[in-house]
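Numbering-wise (my numbering), the first sequence opens with residue 1 and increments by one.
Read the hints as simulated data drawn from the structure, not as lab findings.
Backbone N, C-alpha and C define an ideal beta-carbon position, used for all residues, glycine too.
Check the hints yourself; a few may be wrong.
[As the list claims (entries may be wrong)] List of simulated lysine-lysine pairs, PhoX-like, C-alpha gap at most 25 Å:
id	residue 1	residue 2
1	LYS318	LYS207
2	LYS136	LYS617
3	LYS341	LYS452
4	LYS998	LYS1024
5	LYS169	LYS617
6	LYS124	LYS106
7	LYS251	LYS318
8	LYS197	LYS486
[Claimed, not checked] Derived DEER-like restraints, expressed as beta-carbon distance ranges:
id	residue 1	residue 2	range
9	ARG433	LYS877	33 to 39 Å
10	TRP794	LYS877	24 to 30 Å
11	ARG814	GLY28	38 to 44 Å
12	SER935	ALA979	27 to 33 Å
13	GLU277	SER450	34 to 40 Å
14	SER450	ILE500	56 to 62 Å
15	ARG433	LYS983	55 to 61 Å
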Amino acid sequence: MTTTTEIPNRFDFAAATDRIYQMWVDGGYFHAEPDSDKQPFTIVIPPPNVTGALHLGHALNNTLQDILIRMKRMQGFNTLWMPGTDHAGIATQARVEKRLKEEEGKTRHDLGRENLVARIWEWKDQYESRILGQLKQMGCSCDWERTRFTLDDICARAVRHFFYDLFQKQFIFRGKRLVNWDTYLQTAVSDDEVFSKSVKGNFWHLKYPVIDPKPGEPEFVIVATTRPETMLGDTAVAVHPDPARALDKAKLELEEKLAKSSESEKEALQSQLQDLETRRAEMLPSLELLRDMANDGRKIRLPLLDREMPMVIDTWAKPELGSGCVKITPAHDPNDYEVGKRAGLEMINVMNPNGTMNVEAGPYESLTLKECRKKVVADLDELGLLDQTEEREIELPHSDRSKTPIEPYLADQWFVRMEELAQSAIDAVDDGRVKIFPTRYAKGYVDWLSEKRDWPVSRQLWWGHQIPVWSMPCDDAEIEQEFMDKIKALPAFDTSSSSIQIEPCSEPDEAKRKKLELPYSTIHVCIRDEGAELESQLEAIGLVRQQDVLDTWFSSALWPHSTLGWPDKTAELDYFYKTSTLITSRDIITLWVARMVLAGLNNMGEVPFDEVFIHPKILDGYGETMSKTKGNGIDPIDVINKFGPDALRYSMCHLTTDTQDVRMPIQFECPHCNEKIDQTKKNRELPVVECIHCKKSFSTQWAEKPDEIALPRGASVSERFENGRNFTNKLWNASRFAMMNLDGYSAEPIDEAQLLLEDRWILSRLATVSKNATQALEQYHYGEAVRLLYEFAWDDFCSFYVEILKDRFAGEGRAVAQRLMAFTLDAILRLLHPIMPFVTEEIWQLLGQFAPERGFGETEAAAKSLMIASWPNLPDKWIDAEIESQFKQFQLALTALRDIRARQNVDRNTEVDFVVRCDAVTVKMLEPMKPYFASMGKGNLTEIGDQPEIPKINATVPVGAVEIFVDLNGLIDVSAEIARLEKEETRLQGMIAGSEKKLSNASFVDRAPADVVEKVRETLASNKEQLSATQNAITELQQMN
RNA sequence: GGGCGGUUAGCUCAGUUGGUUUAGAGCACCUGCCUUACAAGCAGGGGGUCACAGGUUCGAGUCCUGUACCGCCCACCA
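Please work from the sequences and hints to get the whole structure.
Structure representation (structure tokens):
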């Protein structure tokens, strides 16, 4: 049994959190089993990547999930929060490879596939445990017994079943596509993993000779490029079919823009228009000539490689730009690729996967791209074929993972055909089976899916789910048939778990195909089950497994059902699927949310979740997103260490308004002198920072080298967490006070007749707040919920109710006061528990020792843990708007009394007399509060009524229809009081002017609702009265002066 | 270029269907308090022409249009 003197006046979260968390774990409260008697409520965690530790964005994401889960658990739902992590294929492999290079100077090829993957598993184990540890420190109530990893056996099985299903539905296919090639990681990356960056570059204008020009025709065409090395893969030059029309159209567009433009843009547009007109006048004949040459079948000679190329006609060529001619490199440019497909051009890949030139580059073979560029430019220059070179800023696509430039590259890739799948996911949102909050995010989801672009799913990586397909290239139809027969004859071949596709050669022309050494066709066999006998039987007859792994999102897409055991029909899957809510960040709505919906529909025939809540993003003090590369992140553990997990959670909740992004200015805390140093764009990425106050150095979260790590660590913090910590402490101390006054607490029932005004007030407020806060949380209005609860706990409960009770504890109302205080505190703890689980649980345990039975009508024993206590559901009949508004009068009157005291510099211990002038109803309300005026305002209410005797020397404050006159005989500071009154006078005059203006407006009086007009009249009258009283008081005081 | 947000106190943000709020909170600031739950606290105070310009309305921070600036997403830039 704890005695109250043993309760310290600070909540020692550092000492308590592990103990409390362990108690929850031991109680088995996190674990959920199917139970047909209860309604399920399920959330699957957005699995954090095992690339690194969690940052503040994760803290936000997971806090919001835990709040919802904890509330639903208390509401009686059978709650499951499914935890886990994501293998994050390319990101993780890139990090491990980078470290391998830095620390050992080795590449992945030095290690080999098996060894590298083993290394990544080590990395994964390390970070997974760190991540799960962070979640636990935050208080997350996940069902840890069910922890999954997107690359574990259960998920792997789901992936193979999904892939197999798509394969046999013909939704999976392999094809040559232009992909974003990362020459560093040597893999294709998806569009989503590419960012564009402005770099300094050149714009080279090249001269390509025309073969046998007719008289009058030019000898050269001029083309421009930013990547001259790719000219080795050029297979055509394109011109526009109707330059005149194209120029007219461009002009029209420009004019439209000009009409809508602002002053600042006008000049630039004018000059553009001018240029266009000049161009039309000067160049149209030559542009049309080029078009005619193309029509006439004129050919171009590609310099350096001496290749003959056609001139093709395509609208991709823009007559308004450059020479109007554009070189076409189908294998290395997305637009050219489209032109090439339209015109049936040869697609010549001149690059090796590692970023060197291949055999197609002729004399340039095996040069790196950079070397090749230099040599090509030099060679062209020597031949006099370099027209000019411009310097220019170029937007260059970069790989998000390796930060190296992306090379568009023609490669064999596996795709998922999206037509039907995408449509199913669109329908699910359109018809409301999946609701996205805030609703505006549904548009982006639908728009993105509507493009129905095929999903490239293969990655040339080693870390991930290897594609379960065994392949065999065939040189001709006979061989193809032979192998088909062989495969079908294999003992383990079974059409219910294996499926065959024949991929015809992408090159239909047989001569070309042979020249390029391409197979006639490729047989692909997809095997559903891991380790099936068929695998080795196929390998025995010569088929080889695809080396590529699947896009990470392919496995994440299955998360809501794979984690529950799919494809098995487990009891869990049956009970917990579909899940209830998904809480995630907006940047993965398309990548992840959309794909989960379509995968869920495909595999389960049902959407994966009812609702999706998109939460805000936390930005730094400069409005930039927090990221590792910028170095502006905050480690949630820093926050927890300094402010405690409850403060972290409170703050996360507080800033979750209607998906308004939120700025968080960051400071370093110097470990030497504890001073704060603002984080700037300069210092934020440094491993070591020198304190501007004490000049000593400390390390930051980016410290890596031994000498850096040896320095004391300076945490990244933000003062925005202080409010949460203070609130935690306020709650702690209010509870401490409560327990100090629970001596002799008894659970004897009390009836309503024993309730005083303030009791009915606090119960009314409690009922109102719990109802509104519950509603707010259920609608994902976290910020609003926490604000309601904060105000109730701090302002209503601590500042008024507890203060009032102090008096009653001393008197005969003690027993009732104790019951009500315990009851109210009990409810506050329940309501705040989802947001601040640790401090509330700790108080709950202590309170249980002093007041084990709670309630004031019927009592019940407090639950063993607050986590499993029931959610407050208070009767609506407790809500009494009248009492709430009456009590407001008391609060205002008290503030007025205190205001006068403060301005008059009345000593804290000096009691003042005061009278109140008000109507009979208010008398009934305020008279019982007399002792509280005395205890809370050191004011002695001597008279109250409609015509009290006003003290001669007084300070007066009007509070609505109530006036307070404080007797200042012997106390008055005249000039201070005059100053106060004059301020009041100004305020009243302003309000009166406002009201009069309204009322003098005939249409307001006529048109506004009668009650609104009446209200204004009442306000005006009362203000006028108050004004004249104030002015009288001023006059009187001035005479005294 | 297309789409979506934002702009309210020194800072970070609230402000629910337009009407008692001549706009609120936390932090910061000023004054006074170690009052026996809490100085991470208590009491009081100062501080905003709600980005700008129009419009609708009896009435606009709130609705509409336009402008400026900031941010995000998508597309594209030989």
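Open item on the list: Hints numbered earlier in the text: which of these fail when held up against the supplied structure?
Closed with: Failing hints, ascending: 5, 8, 14.
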